[in-house]
Amino acid sequence: MAKELPKSLDQVETKTVECDLLIVGGGNAGCFAAYEAKQVNPDLNVVIMEKANIKRSGACAAGMDALNTYIPTWDGKTPEDLVRWSREQVGGGPIREDLALSNAQELNQCVEELEEWGLPIIYDEDEEHPHYRGSWDISIHGEQLKPIMAEKAMDSAEVYNRIVATALIMDGERCAGAMGFGVRDGKFYVFKAKATIVSTGGACGIYKSYTSDGTASHHQTWMCPFNVGTGYAMGLRKGAEFTSMEQRWVAARTKDYCGPVDTVSVGYKAKMMNAKGEYFLNERYAHLGGDKAPRYIRANAPMEEWREGRGPTYVDSTHLDEEQCKNMLTDYLNERPSFVLYLAANGIDPTEQPVEVYGSDPYIVGGHTGSGYWVDMERMTTVPGLFAAGETAGGNPNKFVGGCAAEGKLATRGAIKFIEANGDVNIDESQVEAEKARVFKPLFRGKDFDGLTPEEIKERLQRLMDEYAGGTSQFYRCNEEQLDYALKHIKLLQEQSGEYITASDLHELMHAHEVFDRIDVAEIVCHHLKGRKETRWSGWQTRSDYPERDDENFNCFVETRKNPETGEIEVFTRPYERIVD
Amino acid sequence: MPPKVDWEKCDGCKGKDEPLCEQICPGNLMTLNENNKAFCRPYRHCWDCMSCTKVCPVGAIETRIPFQIGYHGAKLIPMMGTDTITWTCQDIHGNVTRFRYKNRTDED
Ligand SMILES: Cc1cc2nc3c(=O)[nH]c(=O)nc-3n(C[C@H](O)[C@H](O)[C@H](O)COP(=O)(O)OP(=O)(O)OC[C@H]3O[C@@H](n4cnc5c(N)ncnc54)[C@H](O)[C@@H]3O)c2cc1C
Ligand code: SF4
Ligand code: SF4
Numbered sequence: 001m002a003k004e005l006p007k008s009l010d011q012v013e014t015k016t017v018e019c020d021l022l023i024v025g026g027g028n029a030g031c032f033a034a035y036e037a038k039q040v041n042p043d044l045n046v047v048i049m050e051k052a053n054i055k056r057s058g059a060c061a062a063g064m065d066a067l068n069t070y071i072p073t074w075d076g077k078t079p080e081d082l083v084r085w086s087r088e089q090v091g092g093g094p095i096r097e098d099l100a101l102s103n104a105q106e107l108n109q110c111v112e113e114l115e116e117w118g119l120p121i122i123y124d125e126d127e128e129h130p131h132y133r134g135s136w137d138i139s140i141h142g143e144q145l146k147p148i149m150a151e152k153a154m155d156s157a158e159v160y161n162r163i164v165a166t167a168l169i170m171d172g173e174r175c176a177g178a179m180g181f182g183v184r185d186g187k188f189y190v191f192k193a194k195a196t197i198v199s200t201g202g203a204c205g206i207y208k209s210y211t212s213d214g215t216a217s218h219h220q221t222w223m224c225p226f227n228v229g230t231g232y233a234m235g236l237r238k239g240a241e242f243t244s245m246e247q248r249w250v251a252a253r254t255k256d257y258c259g260p261v262d263t264v265s266v267g268y269k270a271k272m273m274n275a276k277g278e279y280f281l282n283e284r285y286a287h288l289g290g291d292k293a294p295r296y297i298r299a300n301a302p303m304e305e306w307r308e309g310r311g312p313t314y315v316d317s318t319h320l321d322e323e324q325c326k327n328m329l330t331d332y333l334n335e336r337p338s339f340v341l342y343l344a345a346n347g348i349d350p351t352e353q354p355v356e357v358y359g360s361d362p363y364i365v366g367g368h369t370g371s372g373y374w375v376d377m378e379r380m381t382t383v384p385g386l387f388a389a390g391e392t393a394g395g396n397p398n399k400f401v402g403g404c405a406a407e408g409k410l411a412t413r414g415a416i417k418f419i420e421a422n423g424d425v426n427i428d429e430s431q432v433e434a435e436k437a438r439v440f441k442p443l444f445r446g447k448d449f450d451g452l453t454p455e456e457i458k459e460r461l462q463r464l465m466d467e468y469a470g471g472t473s474q475f476y477r478c479n480e481e482q483l484d485y486a487l488k489h490i491k492l493l494q495e496q497s498g499e500y501i502t503a504s505d506l507h508e509l510m511h512a513h514e515v516f517d518r519i520d521v522a523e524i525v526c527h528h529l530k531g532r533k534e535t536r537w538s539g540w541q542t543r544s545d546y547p548e549r550d551d552e553n554f555n556c557f558v559e560t561r562k563n564p565e566t567g568e569i570e571v572f573t574r575p576y577e578r579i580v581d
Numbered sequence: 001m002p003p004k005v006d007w008e009k010c011d012g013c014k015g016k017d018e019p020l021c022e023q024i025c026p027g028n029l030m031t032l033n034e035n036n037k038a039f040c041r042p043y044r045h046c047w048d049c050m051s052c053t054k055v056c057p058v059g060a061i062e063t064r065i066p067f068q069i070g071y072h073g074a075k076l077i078p079m080m081g082t083d084t085i086t087w088t089c090q091d092i093h094g095n096v097t098r099f100r101y102k103n104r105t106d107e108d
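Chains A and B supply the protein sequences, listed in that same order.
Here UniProt numbering is used: position 164 in the first sequence is 164, and no number is missing along the way.
Here UniProt numbering is used: position 77 in the second sequence is 77, and no number is missing along the way.
Keep in mind that the hints were calculated from the coordinates and are not lab data.
There's no promise every hint is true.
Claimed, not checked - Mimicking BS3-like on lysine-lysine, the simulated pairs with C-alpha atoms at most 25 Å apart in a straight line are: (1) A:326 / B:102; (2) B:16 / A:187; (3) A:326 / B:75; (4) A:187 / A:238; (5) A:77 / A:269; (6) A:417 / A:38; (7) B:14 / B:37; (8) B:102 / A:152; (9) B:37 / B:9; (10) A:417 / A:7; (11) A:7 / A:436; (12) A:269 / A:326.
As the structure is a prediction and not an experimental result, all values here were calculated from the model.
Please model the complete structure; the sequences and the hints are all you need to start from.
Structure below.
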């Protein structure tokens with residue numbers, strides 16, 4: 001933390017960095033993007049702009065217990081099979097099969113590289129192949145996953161830690177880098193680049209987490225609460241097209257502590273059970289696949305049990321013996337370590353007592369569902385020179401660690417081709433001054449200013465989205481009138497946050513920008529939810545006024561584009577193309 | 001779930017450019033107070049990823065479950081080796097379990 005805060009805008013130093021390729025967000029996808037750049041062209045000048053410290057940032061900060069996508073080719077499985085599975089997970093589509101297939105062709109190599117770099121992968125007793133906990137996911141002891149990826153990224157690129165990206169730089173229609181501020185040094189940063197990859201992860205905290213009221217756990221969320229959707233917000237303000245933002249990711253998680261359920265339900269064959277002792281997936285959802293039903297069904301099912309008066313709901317872990325239980329807890333320690341502490345703090349022995357589950361708050365995460373930038377095969381967004389990888393890139397769900405890594409590489413290859421074809425950028429400096437003023441404004445309102453804290457505004461947004469745009473308290477349901485209400489208040493939140501938000505230090509200034517970004521993402525989420533007038537993925541997307549699936553009108557992508565001049569949001573559709581039989 | 005810092009043990013990472021917990025937290029939450037002792041700001045923003053707890057060289061940080069969602073007295077203490085991690089967990093009834101495994105396959 002800078003000891004002396006600047007007192008006015010002219011005291012804020014601007015630091016300009018020029019590079020060939022800029023990567024915004026050094027997470028899973030960003031680290032692999034940097035690594036790939038070094039492999040393809042070691043002379044390329046690559047820079048990573050990272051909000052946290054790359055060694056422990058984003059979704060993988062605590063570690064992982066599995067790599068959810070690794071194709072067992074020795075079993076005759078192919079990338080096409082993975083695409084078919086991914087399509088089933090979204091009820092048969094729509095899904096960008098072109099993107100999914102190219103990711104699937106790339107991801108095994110990424111997993112093998114992680115192993116070479118020192119990631120312990122768990123093997124079956126015959127030692128020949130990794131241990132599969134489901135059809136595609138292999139077990140790892142991934143506590144060090146993030147530091148391992150970060151070391152490769154640091155060898156491949158110049159990393160600027162603790163720089164919060166806030167806006168893209170434009171050269172006419174073309175993206176020419178990004179700007180932001182140093183949350184430690186208080187400087188304004190301008191990164192000029194010939195191509196930019198945005199890999200800032202998804203958006204958490206658009207909706208309220210149900211533990212956020214009345215507990216000291218405001219961030220008891222599954223997704224990393226420090227990824228707030230800035231990557232989406234920066235692009236939508238420049239008119240980029242977004243796809244499938246209505247396909248929110250909601251998951252059945254352990255209750256009160258938002259911990260993993262697949263680990264125990266898939267990895268240790270524990271079945272979901274309701275208060276009456278019924279294994280409801282097999283009893284009520286057998287026609288949809290029972291325990292193997294698509295993810296959105298498994299996510300929504302326990303909440304349906306609650307809604308119909310059959311809660312609490314559990315995963316029944318009581319069949320586990322001591323050794324299996326210890327292995328399961330080890331998995332937890334590798335991914336969400338403090339869940340083990342939660343069990344200890346509630347005196348729960350999973351071999352004797354089932355573990356309670358509940359629905360999470362909704363997240364916008366294009367590595368899990370289809371939300372994100374509309375991209376072409378090079379992973380270029382509709383803004384030339386701007387590429388997206390990982391959770392930020394849409395249309396292609398179920399990427400997870402391996403798929404996000406693969407997409408980082410693909411985006412880099414696309415970006416390098418773009419640089420070769422388009423060369424240098426030219427920047428009109430007036431946009432730099434305007435952004436600098438916008439960024440620091442909340443810091444210079446003066447002591448006597450009667451303003452609002454970022455926290456107050458965030459809480460109002462989260463409650464609004466929870467109650468009017470299908471949050472946990474509404475069992476994920478919403479209708480046209482609720483969404484109109486939400487949009488009306490989002491406009492007010494945009495106005496009032498711009499006018500009144502104050503920050504007392506650089507940490508709070510970061511929160512102020514997180515709030516601006518979340519509000520702008522929330523706005524397009526509501527437009528997407530309004531655009532899909534059917535119910536396709538109950539839980540992920542439920543319209544109480546259109547409860548049926550409507551294949552005739554909606555087996556397509558819902559898209560939005562915000563007009564940067566007028567602020568109007570255009571909603572339209574794109575057809576779904578089935579490529580894999 | 002916020003980390004609790006033992007100010008008797010915390011030495012502010014004396015001699016280091018940046019205190020390790022401050023350097024590592026993905027949410028920029030850990031910082032030092034005027035007496036060079038670490039604390040988490042704001043308290044309820046913690047994601048309980050335990051990165052700070054793992055990195056503290058003197059074991060001054062303990063991750064806690066807030067009472068609203070977990071009873072008092074449980075502990076989970078990580079110990080980092082070069083290529084292994086050891087966790088000691090104590091539940092509210094005093095039962096202690098230990099977990100030790102490799103977290104890196106390279107040995108440098
Ligand atoms: C708790 C948890 C458990 C999971 N378990 C598994 C599992 O077992 N197996 C599996 O395959 N997948 C798992 N996943 C999913 C997987 O981790 C993600 O899909 C994937 O890692 C996302 O990669 P990403 O690069 O898109 O985002 P991240 O890795 O989150 O990277 C985003 C990066 O951008 C940075 N950033 C954010 N905002 C800004 C900004 N404004 N300026 C600069 N930088 C910024 C962040 O600090 C971060 O470094 C899990 C996810 C979570 C959260
Ligand atoms: S890492 Fe430990 S010793 Fe260093 S400042 Fe943080 S709490 Fe104190
Ligand atoms: S547990 Fe994680 S989020 Fe919480 S203060 Fe420590 S490093 Fe930060």
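Hint by hint, here is what the structure shows:
1. A:326 / B:102: Distance of about 15 Å is within 25 Å: holds.
2. B:16 / A:187: 22 Å, holds
3. A:326 / B:75: With a Cα-Cα distance of about 17 Å, the restraint between residue 326 of chain A and residue 75 of chain B holds, given a limit of 25 Å.
4. A:187 / A:238: 24 Å, holds
5. A:77 / A:269: Roughly 23 Å between the alpha carbons, so the hint for residue 77 of chain A and residue 269 of chain A holds.
6. A:417 / A:38: Distance of about 14 Å is within 25 Å: holds.
7. B:14 / B:37: Given pair residue 14 of chain B, residue 37 of chain B holds - Cα atoms ~10 Å apart, limit 25 Å.
8. B:102 / A:152: It holds: about 20 Å lies between the C-alpha atoms, which stays within 25 Å.
9. B:37 / B:9: The hint holds at about 9 Å.
10. A:417 / A:7: Roughly 44 Å separates the two Cα atoms, so the pair is violated.
11. A:7 / A:436: 14 Å, holds
12. A:269 / A:326: The given pair, whose Cα atoms are some 15 Å apart, holds under the 25 Å limit.
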